[in-house]
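Read top to bottom, the protein sequences are chains A and B. Take the first sequence: its position 319, counted from the start at 1, is 319 in the UniProt record's numbering, and no numbers get skipped. Take the second sequence: its position 334, counted from the start at 1, is 334 in the UniProt record's numbering, and no numbers get skipped.
Any given hint could turn out to be false.
Same chains, same label: a pair holds when it works inside one copy or across any pair of copies.
Below, computed lysine-lysine pairings styled on DSS-like, alpha-carbon distance capped at 27 Å [stated by the list, open to error]:
1) Lys-288 / Lys-265
2) Lys-288 / Lys-345
3) Lys-345 / Lys-265
4) Lys-265 / Lys-162
5) Lys-254 / Lys-288
6) Lys-62 / Lys-265
7) Lys-265 / Lys-254
8) Lys-254 / Lys-62
By construction, these hints were calculated from the structure, which means they are not laboratory data.
Number of protein chains: 2
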Amino acid sequence: MSNLRFTEQALSEWMRGNGQDSDIVISTRVRVARNLQHLPFPLLATNQQSAEVLERLTGVLKDQEELKELGSFHTIILDDMEELDKKVLVEKHLISPALANESRNGAVILTEDESVSVMINEEDHLRIQCLYPGFQVREAWDRATALDDLFEDQVDYAFDDKSGYLTSCPTNVGTGLRASVMMHLPALVMTQQINRILSAVSQVGLTVRGMYGEGSEAVGNLFQISNQITLGQTESEIIDNLHSVALQIIEHEKNARERLLSESKLRITDRVMRSYGILSYAAVMESKEAAQRLSDVRLGVDLGLLQGPPSSVMNELNVMTQPGFLQKRFGDLMNPGERDVHRAKLIREILGNRQQ
Amino acid sequence: MSNLRFTEQALSEWMRGNGQDSDIVISTRVRVARNLQHLPFPLLATNQQSAEVLERLTGVLKDQEELKELGSFHTIILDDMEELDKKVLVEKHLISPALANESRNGAVILTEDESVSVMINEEDHLRIQCLYPGFQVREAWDRATALDDLFEDQVDYAFDDKSGYLTSCPTNVGTGLRASVMMHLPALVMTQQINRILSAVSQVGLTVRGMYGEGSEAVGNLFQISNQITLGQTESEIIDNLHSVALQIIEHEKNARERLLSESKLRITDRVMRSYGILSYAAVMESKEAAQRLSDVRLGVDLGLLQGPPSSVMNELNVMTQPGFLQKRFGDLMNPGERDVHRAKLIREILGNRQQ
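My request is simple: use the sequences and hints to build the entire structure.
In structure tokens:
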């Protein structure tokens, strides 16, 4: 299958780059939700109507001179994909679980480097998603809005002068904009400041989630921070607010890291090195433990306590140790126990341990 | 100081050899307690009397043709030793804590390979101790009795026709013989059979202790099994009893190891490899944790799960990670926290990790 290339590598090409503050902000994501005028939202559409949406939207990016800078686009029809490939794309955050599991006439359009992902017939007709390494909220927004303009030139969006862009779920009405940063905040967790900070974040219109899925607990000290409100603020206000709050969190995390280094260097070193030792040798590794220990090692490398793998390898491991990718790599359906063994094996291999 | 050589190496030369069943029996020890006629036991002796004991007993081994096979003997006067050197000899089991801390006119006579240790003016005037690697109860007894005969040829032992050899403590009266094996029994501990077995052992006149000191808890799954009774049994009966009970325990441990391998191989492998990883990388390591993790690694090597260090290195680490040896090696008095850091460092170095 032609689309398999996107599920063979755990790390998207765009993630190999480095952005600002990439020791704390793993990645930035901006997505806009749009719908076509005069056609029901995907959930209410007939098969014929959603097929029409698919055809009209996939047509837009064909032969676009302006898009050449992004490389070529690849359209993947969800119905043509195997379940495991869908799962891997979800784990790479290139498509949503909803598109993978519930869409009719769903599709995703990806650039070569996977930094742009356009979902069709997910909850809305069109979701444009742009991904950047590190802390690049404004850059991601600029690209997303450029793509949005391109679509808007060729199709009529459902738009209301009072409400703004109409969306299937009321939480997206208005700008249809969701901007988020994925932050690694181990020092704020260790110094027990995280709850105070997350609570402050929620009071300025932002939401915090774990790395995988809505409402899921944050594992591996990875927190996704995004705007909660899409209505009553302009796009710039939303982007500026996320940008400035994220900057403050970065500062707090940096201070907490310095405090750890000056007050508890030995304890932190021990923790980091033990996690590295366990990851290098364990024969069984559950997903949650892997995430926590990878977080320790990432922190150790960032603090210069450990000559460890570069952050791109750590990012890769975060995706590789997910259930879908493990199955993709080691073949067939595995039970959780078998996955824990393969997860441990994969981590050992990547950290370069040849003991076993 | 001339005696420092015995405290520079953690592992006695005799321990580099391999005895029978040395994957389970680390070492065998036989000691006989003797006292001189017409002189009070050390606790009750005047300084002059204990000085006389010292002189008479150290004289016995001088110019003994028969002893050449054991190599030369080195006499070390306790009062000439530094505290730290005494501590190291205790940790190597070459002298007792009582000789190190409480003796007057105390001395120890050691062979080159440290397989024979003769203590003078400990609790008794004379304690002859022979050490063998692996399971060699009869061999150790043969050598101890040969040395005993040698002393008896030249001095008059305190002996009663009814009670046998008289000793300072009533628990040693009769044969004055204490034979022991140091056994590594991780599989019996993991399969929770150890308590049943130790309780059975105590019903046949044997006693179980931890590796370091009387009454101390067994750490690192190392159990010292010795005869409790010295009176009312002949020397042969004592040796035969210990030999046959130890043989049974060896069988039980072997069966438990096979059961672990067939029923829980993955779990055991994971445990062994994690301990190896932690020992290879940790920055802080308490003595009890070190003992437990070294036990895991030793088991892993014995079971072929890990291409780890040979058992002589494991034996060395058991001694090296003790407080006295650590101070001897890294210099001066350290607090427990500093010891934990140096212990971790030493283990990392010996396991060959160059990460830190």
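So, going through the hints one by one against the coordinates:
1. In the homo-oligomer, the alpha carbons of Lys-288 and Lys-265 lie at most 27 Å apart both inside one protomer (25 Å) and across protomers (23 Å), since each shortest distance falls under that limit.
2. Taking the shortest alpha-carbon separations for Lys-288 and Lys-345, only the intra-copy value of 16 Å comes in at or below 27 Å, while the best inter-copy value is 29 Å.
3. For the homomeric pair Lys-345 and Lys-265, the shortest alpha-carbon distance between copies (16 Å) is at most 27 Å, but the shortest distance inside one copy (30 Å) is not.
4. Taking CA atoms no more than 27 Å apart as the test, Lys-265 paired with Lys-162 passes in neither setting, with 55 Å inside one copy and 66 Å between copies.
5. Proximity of Lys-254 to Lys-288 under the C-alpha cut-off of 27 Å is restricted to the intra-copy arrangement: shortest distance 25 Å within a copy versus 35 Å between copies.
6. In this homomeric assembly, Lys-62 and Lys-265 never come within 27 Å of each other (Cα to Cα): the closest approach is 55 Å inside a single copy and 56 Å across copies.
7. Taking identical chains as interchangeable, the C-alpha atoms of Lys-265 and Lys-254 lie at most 27 Å apart only when both belong to the same chain, with a minimum of 15 Å there against 44 Å between chains.
8. When the C-alpha separation of Lys-254 and Lys-62 is checked against a cutoff of 27 Å, the pair qualifies neither within a copy, at 45 Å, nor between copies, at 71 Å.
Consistency note: the structure conflicts with the earlier hints numbered 4, 6, 8.
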